[in-house]
Structures are given as structure tokens and as C-alpha cells.
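A.B. asks: Here is what each chain is made of, one letter per residue.
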Amino acid sequence: METLLYLVFGLVALVGGVLVIVNRNPVYSALSLVLTMFAISALYILQQAYFVAAVQIVVYAGAIVVLFLFVIMLLNLGDESDLPASSGTRRFVGALLGVTFAGIVGAVVWEYASTAGPAVAAGTDIDHTKLLARVLFQNYLLPFEVVSLVLLAALVGVLALIRTHGRDLDSSEADNV
Amino acid sequence: MSDFAICLAVSAALFTLGVVGVLVKRNAIVVFMCIELMLNAANLAFVTFSRQHGTVDGQIFVFFVMAIAAAEVAIGLSIIVTVFRNRASINVDDVTMLRR
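Protein sequences, first through last, are from chains A and B.
Quick note, the first sequence lines up with residues 1 to 177 if you use this note's numbering.
Quick note, the second sequence lines up with residues 1 to 100 if you use this note's numbering.
For the record, the hints were derived by calculation from the structure and aren't laboratory data.
All values reported here derive from a predicted model rather than from experimental measurement.
Be aware that a few hints might be false.
As the list claims (entries may be wrong) - Listed next, with one range per pair, are the computed distances between beta-carbon atoms:
#  : chain 1 : residue 1 : chain 2 : residue 2 : range
1  : A       : 19        : B       : 93        : 22 to 28 Å
2  : A       : 73        : B       : 54        : 42 to 48 Å
3  : A       : 45        : B       : 97        : 44 to 50 Å
4  : B       : 55        : A       : 27        : 36 to 42 Å
5  : A       : 156       : B       : 54        : 37 to 43 Å
6  : A       : 150       : B       : 54        : 25 to 31 Å
7  : A       : 139       : B       : 97        : 40 to 46 Å
8  : B       : 92        : A       : 3         : 36 to 42 Å
9  : B       : 57        : A       : 76        : 40 to 46 Å
10 : A       : 130       : B       : 65        : 20 to 26 Å
11 : B       : 68        : A       : 135       : 16 to 22 Å
12 : A       : 106       : B       : 88        : 39 to 45 Å
From the three backbone atoms N, C-alpha and C, an ideal C-beta is built for every residue, glycine too.
Please take these sequences and the hints and turn them into a complete structure.
C.D. replies: Spelled out as C-alpha cells, the structure:
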């Protein structure tokens with residue numbers, strides 16, 4: 001029964017991933033990405049990573065994809081039919097590299113999965129979120145602080161990139177922005 | 001096929017989809033979405049291995065990956081907006097100035 005759920009949500013994730021690439025309209029691609037995020041979140045729940053599943057939905061579906069949609073609609077992008085068609089060479093090379101890569105990764109996964117033992121039960125004597133917090137703030141405190149610095153740097157970087165060098169947004173620029 | 005193998009296979013397939021998307025698509029925003037797909041595939045592998053080993057360290061790594069992904073998306077999308085301001089296009093083939 002549980003294996004069936006794994007299969008269903010795995011398939012949903014893959015279908016979402018294919019739709020991201022196949023769709024011509026970036027809005028549909030973003031919505032397919034949400035489908036993939038939710039399916040992966042379900043896989044997290046099946047693996048008892050409840051907190052990660054919640055954070056996945058909040059951060060990815062709630063923040064990142066909304067940011068994508070915001071930019072798509074800000075730039076007023078329609079479907080890609082006005083872009084010149086992708087060259088056959090590029091599609092061929094992309095497909096070839098993709099198949100090669102899938103073969104390599106699949107071989108490694110097959111090798112590992114066939115030799116791995118049964119899953120070890122995580123510490124069940126303690127609340128899962130409490131356990132995560134304990135590990136995060138004791139063993140990984142320095143990386144946590146570094147990540148907060150990275151986020152601050154990203155914030156400053158975005159402001160520096162978007163800045164219009166002191167010019168007021170006149171009418172010509174306002175059209176583009 | 002065990003649940004473990006299913007999750008790893010889904011992770012590998014999602015990563016491959018992301019790679020193919022980055023190689024084939026020309027819309028810069030969709031290329032970014034494919035990068036997100038790859039990051040999510042890595043996250044799925046982290047959680048799967050974490051469960052397999054009975055520790056939560058892999059799940060901690062997922063938080064770090066998510067934080068970096070958020071920073072990367074903010075920077076990347078502002079680069080795309082800046083390019084669109086200058087070129088009125090988000091076709092990645094139009095941004096070749098550094099190649100010349």
C-alpha cells in the first residue's frame with residue numbers, strides 16, 4: 001500500500017517535471033513546477049520528514065514559484081511562439097546528453113539500491129521537529145549563521161542590480177519596468 | 001522495488017529532466033525553473049539517504065539548499081529583469097556579449 005503511494009507521487013513528480021519543459025507558456029511551466037513541488041512534499045511526508053515537507057510547500061510553492069509568476073507577469077511574457085524555433089542540433093544534443101546522463105545516474109542508483117540494507121529507524125523517542133532543531137542549532141550552528149549572511153548578501157545584491165543609478169523612472173523607462 | 005529505490009529513481013529522473021531543460025530551453029525563466037528541478041531532485045536524494053541512515057543530518061542539508069535556492073532565485077530573476085530592460089528579450093541566445 002505504501003509502495004503504491006510512493007509510485008503514484010513519484011509519477012506525479014515526474015509528470016510535473018516533464019510538463020515544465022514541454023509547456024510553451026512559462027505560466028503553465030511555473031504551475032507544473034508547483035505540481036512537482038507538492039508531489040515531492042508528499043514523498044517527504046511518506047519518509048516521515050514532516051517538517052521538511054511543510055517547509056518545502058511554504059518556501060517553494062509559496063515563495064519561489066510566486067516570485068517566478070511575479071516576474072513572468074511583470075515582463076508580460078506570452079508563450080514562446082514569438083521566439084525562433086529551437087534548432088534541431090540543440091534538441092538532438094540535449095536529448096543525447098540527457099539519455100547518457102540518465103544512464104549513468106540510473107546505473108549508480110541501481111548499484112546502490114540493490115546493495116542497501118533496510119532503512120534504520122530514526123530516533124522515535126523524541127518529537128521529530130525538536131530533534132531537527134537540536135541538530136540544526138547544536139551541530140550546524142556555524143553553517144546556519146553563514147546561510148543568514150548569504151541571504152543578506154543576496155538582498156544587497158538584488159538591490160544593487162535593480163538600482164537605476166539615481167535616475168528617476170521617466171516615461172520611457174517606466175514602459176520597460 | 002523498495003521504497004528507497006523508487007525515491008532514488010525519481011530523484012535521478014527529475015535531475016535528468018532539469019539538465020535536459022537547461023540544455024534545450026531558451027526562455028531564461030524556464031531555464032531557472034529547471035535549475036529548481038535539479039535542486040529539488042538533490043533534496044529528495046538527501047531526505048531519502050537521511051531516512052536510510054536513520055539520521056536527520058540530510059534533512060538539515062535540505063534547509064541549507066532551500067536557503068541557497070531562495071537567494072539564487074532572487075539574484076537570478078533580478079538579473080533577468082535587468083537583461084530584459086536592456087535587450088527587451090529573455091532569450092538566452094540573445095545574451096552573448098561575453099562570448100565575443
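A.B. asks: If a hint holds in the structure, say so; if it does not, say that too.
C.D. replies: Hint by hint, here is what the structure shows:
With their beta carbons about 23 Å apart, residue 19 of chain A and residue 93 of chain B fall inside the hinted range of 22 to 28 Å. A C-beta distance of roughly 45 Å is found between residue 73 of chain A and residue 54 of chain B, which places it inside the suggested range of 42 to 48 Å. About 46 Å separates the C-beta atoms of residue 45 of chain A and residue 97 of chain B, a value consistent with the hinted range of 44 to 50 Å. For the pair residue 55 of chain B and residue 27 of chain A, the beta carbons lie near 40 Å from each other, so the given range of 36 to 42 Å is met.
At roughly 40 Å, the beta carbons of residue 156 of chain A and residue 54 of chain B sit within the given window of 37 to 43 Å. For the hinted restraint 25 to 31 Å between residue 150 of chain A and residue 54 of chain B, the CB-CB distance of approximately 30 Å keeps it satisfied. For the pair residue 139 of chain A and residue 97 of chain B, the supplied restraint of 40 to 46 Å holds, since their beta-carbon distance comes to about 45 Å. Residue 92 of chain B and residue 3 of chain A have their C-beta atoms about 40 Å apart, which keeps the hinted 36 to 42 Å range intact.
At about 44 Å, the beta-carbon gap between residue 57 of chain B and residue 76 of chain A stays in the expected band of 40 to 46 Å. About 22 Å separates the C-beta atoms of residue 130 of chain A and residue 65 of chain B, a value consistent with the hinted range of 20 to 26 Å. Hint check: residue 68 of chain B to residue 135 of chain A, Cβ distance near 19 Å, so the stated range 16 to 22 Å holds. In this structure the supplied range 39 to 45 Å holds for residue 106 of chain A paired with residue 88 of chain B, their Cβ-Cβ distance being about 42 Å.
Violation of the numbered hints given earlier is absent; every hint is satisfied by the structure.
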